[in-house]
Amino acid sequence: MEPILEVKNLTKIFQKRGKKDFVAVDHVSFQLFPGEILGVVGESGSGKSTVAKLVTRLIDATEGTIAVNGRDITHAKGAALRDIYVDMQMVFQNPAGSFDPRRTLGDGISESLKNHGVSKEERRKRVVGLLERCGLSKEFADRYPYEVSGGQCQRAAIARALAIGPKILICDEATSALDVTVQKQILELLQFLQKADGLSYIFICHNLALVQMFCDRVLVLYDGKVVESGTPDKVILSPQSEYTRCLVDAVL
Amino acid sequence: MSKAVTVRAQKLRRDNTKLRLYIFLALVAALLLAALFSMRLAPYDPYLQNLDKAMQPPSASHIMGTDHHGRDMFSRVLVGGRTSIFATLALVAAISVFGTLVGTLCGYYGGRVDSVVMRISDICLAFPGLVFAMAVAALLNGGIGNAVLALAVVSWPKYSRVARGQTLAIKAGDFISAAKLAGSSSAQVIIRHILPNILGPILVTAMLDIGTMMMELAGLSFLGLGAVPPTAEWGNMMSSGRSMLQMYPWVVLSPGIGIFITVVLFNLLGDTVRDYMDPRNSRSG
Ligand SMILES: Nc1ncnc2c1ncn2[C@@H]1O[C@H](COP(=O)(O)OP(=O)(O)OP(=O)(O)O)[C@@H](O)[C@H]1O
Ligand SMILES: [Mg+2]
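Chains as they are written, first to last, in the numbering used here: chain A, 11 to 262; chain B, 24 to 308.
Possibly wrong hints are sitting among the right ones.
[Unchecked claim] With a Cα cut of at most 27 Å, we get these calculated DSSO-like pairs of lysine-lysine: (1) B:Lys203 x A:Lys26; (2) B:Lys194 x A:Lys30; (3) B:Lys203 x A:Lys18; (4) A:Lys124 x B:Lys203; (5) B:Lys41 x A:Lys130; (6) B:Lys203 x A:Lys177; (7) A:Lys87 x B:Lys203; (8) A:Lys124 x B:Lys194.
[As the list claims (entries may be wrong)] With the Cβ distance kept under 8 Å, some of the chain B side facing chain A (calculated, not the full set): (9) Ala205; (10) Asn220; (11) Pro224.
Derived from the structure by calculation, the hints contain no laboratory data.
Only a predicted model underlies this, so the values are computations on that prediction, with no experimental measurement involved.
Glycine included, each C-beta is placed from N, C-alpha and C at the ideal position.
Assemble the whole structure, with the sequences as input and the hints as a guide.
In structure tokens:
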């Protein structure tokens, strides 16, 4: 089977004037197959969010290549890049900050539809459908980001990511800020969507137990490098690297 | 202090700000209307000379007295206000729009153009504005239009500074990334998400700038680099009366009062708008 997303030797070096260069992501390679859930774990600062931003081209890679459906997007710009975003969407780590404070959630959710020329009535209809799918009533379309709870905002953020009908969804700690019951609901929603629409996920997370339950395959990041990869059971039961062993010991 | 008391105090302050905002808006509106219809409101023809009545002190028939040509000062202050106020408003509108556009584009795209433009604005900001404007105005040969142009040339950078700083802060936000992921082009991101979010600080800067710009414009006219007599304008009215200050102080004080009232009023409005936009005065509730 062809991978839907293929990343090779992805590297990001942050350069700051007067400071030493900082290697946030160091030669990371992985593949994501259609319908697969790939977990990415690692401690805070290990480069998970940076990988997500690199893959979505929100920041430019220092080195390496990114290919979606076999098409190299490492240097895509403008309209070509916007085309990619039809297939690839992301849910941000901080849901409240990912909505424009001056616009309603409905505006945010329908922005991609607007950009693709969907009419106003049709947008309104689809937003209601998306909200319902994510477990929110239609009143939320007219709320502002500061008028909803963190969990509600997270659901709205998922609704927005799904609006354009992507094939790849990158969830950057999409559930970390939520309490356990809401977390479970969101996971169930994501699982449901995977079955219904055949989505592939990159599921960034620092909770090993969640990864074991939810993911098909897992990458362990440490200091910007992939130190371990494989099925969650293999990684957890027979960890190969020192760091993974620490991670597992800490949980069990 | 208990929470309820804090909340009530906040609400009171908010209501207070809102009331102040309405009062100052009404006063400014009245001022603008007076300036707009000054020709009709003026009790006398501001340009009609009557040497029999020259240099009369304030009285019931001439509440601000008359000048050395016997013209009614009150009528001249009213009509002069129209020139001063609308020239200032045009100036501030032009530089705030231009400066904001330049600053936003520089902040959003960065790169070499940004560095060059920001160095230029550093240079403009390093000189005392009025001195620089005097040089430019002298180069352009006077006239109110040229005075406005001269001040515009040296005054837009403060807006581009504010806009650039705000844009840099906002563009780092996740909601800008989200808009890009939604397939919005750079122009769409700027128009939909950046400009609306930086409008508040720009508006406050502009409001507080009206007073300064009015003084500087009057200053240029005072020096003979702005509106030319006989056109009534506050700066040149003060200038032509300055030799009579000791004997006939009303000739200078009357336009001075006009400038004073207008500057204070716009500054108060600016302060109030800033308080009103303060995020601590949350919009909900
Ligand atoms: N723009 C930047 N400039 C410089 N350094 C950065 C920048 N963005 C991230 N970093 C650094 O890169 C490293 C990885 O950051 P990243 O946000 O990817 O971590 P993370 O794995 O997502 O952590 P968390 O679990 O806390 O979200 C951190 O040490 C961070 O300080
Ligand atoms: Mg992160």
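Results of checking the hints against the structure:
| no. | hint | result |
| --- | --- | --- |
| 1 | B:Lys203 x A:Lys26 | holds (25 Å) |
| 2 | B:Lys194 x A:Lys30 | holds (25 Å) |
| 3 | B:Lys203 x A:Lys18 | holds (24 Å) |
| 4 | A:Lys124 x B:Lys203 | holds (13 Å) |
| 5 | B:Lys41 x A:Lys130 | violated (35 Å) |
| 6 | B:Lys203 x A:Lys177 | holds (17 Å) |
| 7 | A:Lys87 x B:Lys203 | holds (12 Å) |
| 8 | A:Lys124 x B:Lys194 | holds (21 Å) |
| 9 | Ala205 | holds (4 Å) |
| 10 | Asn220 | holds (6 Å) |
| 11 | Pro224 | violated (14 Å) |
Checked against the numbered hints listed earlier, the structure breaks hints 5 and 11; every other hint is satisfied.
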